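Let the sequences and hints guide you as you build the complete structure.
So the protein lines, in turn, are chains A and B. For what it's worth, my numbering labels the leading residue of the first sequence as 52, then goes sequentially. For what it's worth, my numbering labels the leading residue of the second sequence as 52, then goes sequentially.
Among the hints, a few may not be true.
Given that identical chains are not distinguished, each listed pair holds provided it fits within a single copy or across any two copies.
[Stated by the list, open to error] Computed list of lysine to aspartate or glutamate pairs in DMTMM-like fashion (alpha-carbon distance at most 25 Å, straight line): (1) Lys-566 to Glu-528; (2) Lys-392 to Glu-403; (3) Lys-385 to Asp-415; (4) Lys-595 to Asp-104; (5) Lys-586 to Asp-507; (6) Lys-454 to Glu-403; (7) Lys-568 to Asp-527; (8) Lys-454 to Asp-410.
The set of hints was computed from the structure by calculation and includes no laboratory data. Given the structure is predicted, the values throughout are model-derived calculations rather than measurements.
There are 2 protein chains.
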Amino acid sequence: MSSERLIYLPLGGAGEIGMNCYVYGYGKPGKERLIVVDLGVTFPDMDGTPGVDLILPDISWLRENSDRIDAVFITHAHEDHVGAVGHLFEQLGVRIHARAFTARIARGKLAEYGISDDAVQVASAWPETVQAGPFSVGFLPISHSIPESSALVIDTPAGRVIHSGDFKLDTTPLVGEPWDPVLWGEVSKGGVKALICDSTNVFSPQPGRSEASIGDNIEKLIAGAPNMVVATTFASNVARVKTLAEAGARAGRSICLMGRAMRRMIEASIETGVLDSFPKVVQSEDATAIPRENLMLIVTGSQGERRAASAQLARGKYHGITLKEGDLFLFSSKTIPGNEKGVIRIMNQFSEQGVDVVDDHGGDYHVSGHANRPDLETLQDVVNPQIVVPMHGEHRHLREHVKLSEGNGRQGILAVNGMMIDLTGNAPKVAEYIETGRTYLDGSVQIGALDGIVRDRIRMALNGHVVVTLILDEEDEPLGEPWCEIMGLAEVGRSDTGLSDVLEADLSQFLGRAKAKTLTDDERLEKEIKAIVRKSCQNEIGKKPEVTVVVSRLM
Amino acid sequence: MSSERLIYLPLGGAGEIGMNCYVYGYGKPGKERLIVVDLGVTFPDMDGTPGVDLILPDISWLRENSDRIDAVFITHAHEDHVGAVGHLFEQLGVRIHARAFTARIARGKLAEYGISDDAVQVASAWPETVQAGPFSVGFLPISHSIPESSALVIDTPAGRVIHSGDFKLDTTPLVGEPWDPVLWGEVSKGGVKALICDSTNVFSPQPGRSEASIGDNIEKLIAGAPNMVVATTFASNVARVKTLAEAGARAGRSICLMGRAMRRMIEASIETGVLDSFPKVVQSEDATAIPRENLMLIVTGSQGERRAASAQLARGKYHGITLKEGDLFLFSSKTIPGNEKGVIRIMNQFSEQGVDVVDDHGGDYHVSGHANRPDLETLQDVVNPQIVVPMHGEHRHLREHVKLSEGNGRQGILAVNGMMIDLTGNAPKVAEYIETGRTYLDGSVQIGALDGIVRDRIRMALNGHVVVTLILDEEDEPLGEPWCEIMGLAEVGRSDTGLSDVLEADLSQFLGRAKAKTLTDDERLEKEIKAIVRKSCQNEIGKKPEVTVVVSRLM
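The structure is reproduced here in structure tokens:
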């Protein structure tokens, strides 16, 4: 047996839905040549990441081993697969490979960092392949909800691995190549060592439905609407935007796309030739001239995002357009867990305007872009892999997917972010645990999830902040009174006096009694002041705030 | 026509689900005698109310008119109907009326404020009534998910009003009185002026199912489980706790209740005699001695609450019990919008422990406690009110409920919090808009939602906080350098130097050039310092923080 090995290491996407980033390696242990598959992002929220702009994979391990990386491959142009290329490219310093449409989106992101188009090499679809160190990698078309979505066929000296990317089994997907079991059968017939597979919908028991199954329903809905129609979906769900636009056009409506992300996505699709026959669209400045009953807007913001077109329409106006009593608003989308409150807020704002809101209606107006449980089984049957490694899922999805595979008599292994799996032998095994986490893009800076910065912000949000300033003279005696500024705390508490007055009085009393060994010792002084402030606040308002103490000494 | 009028004024619950508080009045305009129905709470979240302990109705208007209030009535003992009695009782200063079980829960809350049991008067069910000013009020039993849930029959000189409270039409509810259409028909046959009605499930198209419909499914699930079984539901869903306990007992399990809120609720039910035949329970300290396959825990925390029993079990241990591979955890509940992430977090933690998690499974293991759309129509048919006023719903629910009523040929009116409705004439009309909002219980203090306190906390969470301290001497010249403390911001930015060093250098430079008219003017000085700090931070880290400036002048 060779001492070289084939490894798989997820750095994002295994233990969560989003932020996909996977590493494959081949070579002697610790010296494997590496390729990276996907550089995605996930989105922050007020709960755990207030003020953060984007969440990126933690690529410290790749940075430390950057001389071993041969290439990056991007499976498709969704944000959770391509969103981090701009932010992380320079830390990796290797070329990115992607199909034409994906490449165009990636280049747009790199351009924001002033990185030239050369950084991305356009790859053709299977059977063409890209050589990268010991790997030969082909982009194998598979249906999803965006053009040119691809699985990767990764050939290694230890055998062939198929990395599914995001997919569904759709023979009429509207955009992108249809699911082609014959092609997939041919690719697999020589034997597939491992299938690394999307797990998103492993809990959905019914076979997935085609994108083509909802167009007629949507057309009927629009045809029956007496006034303006507005529909929203993910900006990057190019298939759905097309379904909506075509349904609207068939119902006799002029189509207007609103929201920068959506317009950009459709432009890129048209320019790269992957979206033919898209209905003619009107510009938003011309939309207001069209009678309301002849107009259909397709807008961004299906997840309730505050700045997107949907939310702006819900608040009143967007590009001169205001919704009215009797208009129809369609959510052709599923609400991602965590976004419910934002979506419901918009629904209620529309309700206040008299707008009728329609959601996916049990599937009439939305289908998922991911493979359901029976579809996962179908793919396994076609590929017939020796090993199944679930990815793109929370822990519960990965676990269920392993169970499903084992139930069908295959070997499965549950690998979460940071778990390096050795795929060389007959049975997969854990080779190593890599320390990894998440990186936050915070303003223009990348910070670690565990740096404590966001934790401090959360603490201020929960507890409020008291700032105490104190001046000590040359003899270490307090000069004047201590001064307290409070932020985010009730101004008056139990004793019906200003909270800062109470705190200042308590601190003055303490300072009046404080011994020299306290007054000369910054650390001790700060500690005691904090304790007093916390205790007084607890008495006054029932909260223990964060406290910052600034002691200035005149010298 | 008399110049007296009958008014309805929602202060909470109309435009939201939760925080129920409704006012009825009768008399000359502006001098109506008033009664209050329900004093509920709603729960804070990190998004909009970080650090807040509870959200209460804003009763400023009631406080200003407290001499006009004759009584408070509580329909049932759920937190969103009774949770605020302790916090608001002293501001209202009138007696609370409730049925025995509800009274016991209310008294527990008042006791925390040292208020005696006399504050609550126990009322009997209809046909007995309570006189309160011009009102005669009866507690009309109706099925829900907690004992003694009641609608209120409110007789006024302008006619009979029925306030539904929370309800479902369940003829086998397990706890509480069954839905009795004959009784309701008798109460209504003299004519009902207005039905003020729960709207929670107006979007659920199928008739509601009985609590009795899920017991067998749950029993089967438990009987098939090889190891320990844990089930969670709302602590106050007494009916479900009973369903779960009985199903477990039938499956041969010893039952152990865990979580203070749940134990308290069941104790209160048993002591007030409203819960007969509850299976014998074992204490948590004895549970560990029982073989795992013979044990069933029923625990709090169905909404993912971090401190509840479920979350503690998910994190590792609760009262000496640790879950293991092959145990079963059942969510016999629906996740309230906004709580998804917390619930999913727990599910994944259980997945990591190898515990199998089962959710409501499309209704097999959970039914709602509220009336669905056809049930609302049934109630309207039985009561045959002149006017329907939807309550207990978000705007979209209220609007849909009005549409439903009007579609059935009834008068409906959409009234949100603060909208005073005149019900006297043949058609309801808006009489007045009352300024109202929400009150936050923040630590031990009640603050207004618009006081800016929580807004400041949110700003610190999003933007971080910089504190600048500066000492000026007797000649208004800076004494030493300015000092910057940062909290919740990256320590190093673009220029690879400590952020506070950069800020201090920029501020020193500014102070070196500052003219006397700036240095002698606190307001101007503060404004300029804030602007510099924001600009430097934007340059360095791409964020504009909150800034607090403390200028100390030696004199």
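Is it within, between, both or neither when you check Lys-568 against Asp-527 at 25 Å Cα-Cα? Answer is within: at 10 Å inside a copy they meet the 25 Å cutoff, but 32 Å across does not.
How would you label the pair Lys-586, Asp-507 (within, between, both, or neither) given a Cα cut-off of 25 Å? both (20 Å within a copy, 22 Å between copies)
25 Å Cα threshold - placement of Glu-528 relative to Lys-566: within (10 Å within a copy, 31 Å between copies)
Go through the copies and call it for Lys-454 and Asp-410: within, between, both or neither, with a Cα cutoff of 25 Å. This pair counts as between: shortest inter-copy Cα distance 18 Å, intra-copy 33 Å.
Cα distance capped at 25 Å. Does Lys-595 pair with Asp-104 within a copy, between copies, both, or neither? between (29 Å within a copy, 13 Å between copies)
One pair to classify: Lys-454 and Glu-403, alpha carbons no more than 25 Å apart. Within, between, both, or neither? between (47 Å within a copy, 14 Å between copies)
Have a look at Lys-385 and Asp-415 and pick one of within, between, both or neither, based on CA distance no larger than 25 Å. Both ways: Lys-385 and Asp-415 sit 12 Å apart in one copy and 23 Å across, limit 25 Å.
Intra- versus inter-copy proximity for Glu-403 and Lys-392 (alpha-carbon distance at most 25 Å): Answer is within; shortest intra-copy Cα gap is 16 Å, inter-copy 28 Å.
Checked against the numbered hints above, the structure breaks none of them.
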